[in-house]
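Participant: Each chain is listed here by its residues.
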Amino acid sequence: MPADALSRVFSALADPTRRDIVARLAAGDATVNELAEPYDVTVQAVSKHLRVLEDAGLVTRTREAQRRPVHLEAEVFDLMTKWIERYRRQAEERYRRLDAVLRDMPDAPETGAQP
Amino acid sequence: MTRTTTHETEIVLDEKVPLVRIIREFDAPPEKVFRAHADPELFARWCGPNGTRLDVEHYDCRTGGSYRFLMSDDSGEYGFRGCFHDVRPGELIVQTFTFEGEPDGVALERITFEDLGDRRTRLTSTSLTDSFEGRDAFVAGGMEVGVVEGYQRLDAVLSGI
Numbered sequence: 004m005p006a007d008a009l010s011r012v013f014s015a016l017a018d019p020t021r022r023d024i025v026a027r028l029a030a031g032d033a034t035v036n037e038l039a040e041p042y043d044v045t046v047q048a049v050s051k052h053l054r055v056l057e058d059a060g061l062v063t064r065t066r067e068a069q070r071r072p073v074h075l076e077a078e079v080f081d082l083m084t085k086w087i088e089r090y091r092r093q094a095e096e097r098y099r100r101l102d103a104v105l106r107d108m109p110d111a112p113e114t115g116a117q118p
Numbered sequence: 028m029t030r031t032t033t034h035e036t037e038i039v040l041d042e043k044v045p046l047v048r049i050i051r052e053f054d055a056p057p058e059k060v061f062r063a064h065a066d067p068e069l070f071a072r073w074c075g076p077n078g079t080r081l082d083v084e085h086y087d088c089r090t091g092g093s094y095r096f097l098m099s100d101d102s103g104e105y106g107f108r109g110c111f112h113d114v115r116p117g118e119l120i121v122q123t124f125t126f127e128g129e130p131d132g133v134a135l136e137r138i139t140f141e142d143l144g145d146r147r148t149r150l151t152s153t154s155l156t157d158s159f160e161g162r163d164a165f166v167a168g169g170m171e172v173g174v175v176e177g178y179q180r181l182d183a184v185l186s187g188i
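Top line first, the protein sequences correspond to chains C and G.
Throughout the first sequence, residue numbering follows this note's numbering, covering 4 to 118 in sequence.
Throughout the second sequence, residue numbering follows this note's numbering, covering 28 to 188 in sequence.
Mixed in with the good hints there might be a few duds.
What the hints assert, rightly or not - Just some of the chain G residues that point at chain C, by a computed CB distance under 8 Å:
hint: 1; residue: T36
hint: 2; residue: L40
hint: 3; residue: R51
hint: 4; residue: F53
hint: 5; residue: A55
hint: 6; residue: K59
hint: 7; residue: V60
hint: 8; residue: R62
hint: 9; residue: L69
hint: 10; residue: W73
hint: 11; residue: P76
hint: 12; residue: F96
hint: 13; residue: D157
hint: 14; residue: F159
hint: 15; residue: V166
hint: 16; residue: A167
As the list claims (entries may be wrong) - Ranges of calculated distance between the beta carbons of each label pair, as one might list FRET restraints:
hint: 17; chain 1: G; residue 1: D101; chain 2: C; residue 2: R106; range: 27 to 33 Å
hint: 18; chain 1: G; residue 1: S102; chain 2: C; residue 2: R106; range: 18 to 24 Å
hint: 19; chain 1: C; residue 1: K51; chain 2: G; residue 2: R72; range: 49 to 55 Å
hint: 20; chain 1: C; residue 1: K85; chain 2: G; residue 2: D157; range: 36 to 42 Å
hint: 21; chain 1: C; residue 1: A77; chain 2: G; residue 2: S93; range: 25 to 31 Å
hint: 22; chain 1: C; residue 1: E88; chain 2: G; residue 2: G103; range: 25 to 31 Å
hint: 23; chain 1: G; residue 1: D101; chain 2: C; residue 2: K51; range: 44 to 50 Å
Hints listed in this document are in silico derivations from the structure and should not be mistaken for laboratory results.
All residues carry an ideal CB built from backbone N, CA and C; glycine is no exception.
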């Protein structure tokens with residue numbers, strides 16, 4: 004079910020360390036060791052984060068290469084950003100209509116309009 | 028937290044609890060912004076996505092009250108219902124929200140109207156769902172065509188790895 008795939012992307016990015024990893028990979032591919040460097044965590048812990056990102060389709064690793072650099076799948080990442088942006092835009096459209104309603108409203112409630 | 032712009036509507040997706048928060052400022056005092064939420068006629072004029080019609084069946088916006096409304100567009104008619112748990116005019120609305128297409132799902136919504144002075148209001152609307160899956164479906168929902176295309180693209184990407 005596609006909703007599961009979507010949820011995996013959302014929850015993969017719900018973690019601040021994983022979001023940070025994604026942000027760093029946006030600048031270019033990196034190895035697990037390179038990714039682990041700035042954090043006060045083990046390489047194993049970073050590998051665990053990478054597995055979550057891999058399961059969500061956000062990153063891939065070259066199987067054959069010795070260094071196995073991690074690669075960000077920008078398309079999936081953009082998609083998720085787009086989803087949130089669409090949600091935001093929809094709310095903004097709704098609130099622009101509310102702006103218009105507010106402009107048309109009289110200041111004081113009409114008699115009997117208040118419960 | 029995932030934050031977006033500051034001047035327009037701002038969206039916050041919490042990473043610890045399955046909630047989505049929407050923040051927006053208005054050039055009107057809290058009393059007025061509240062009234063545009065509490066009065067069913069006014070509410071029907073702005074709520075709902077573009078190109079949909081909103082028909083209020085009942086809408087009793089006071090503590091202990093309830094509501095039901097229908098949204099319709101080319102694809103059909105969708106029912107929404109809930110209870111007003113706590114209503115303080117000009118300050119706060121706490122309500123439940125259920126999409127009748129998924130009757131087991133319920134979100135708890137808390138809308139606050141913050142007086143910024145100078146006849147301005149900051150509206151903060153927080154929706155708490157019972158799972159991250161529910162929250163994410165909520166955010167990805169209502170996206171009509173885009174989400175279908177998006178799923179197809181996501182499927183394609185996921186099947187290629």
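Participant: Output the indices of the hints that this structure fails to meet, ascending.
Facilitator: 12, 13, 18, 20, 21
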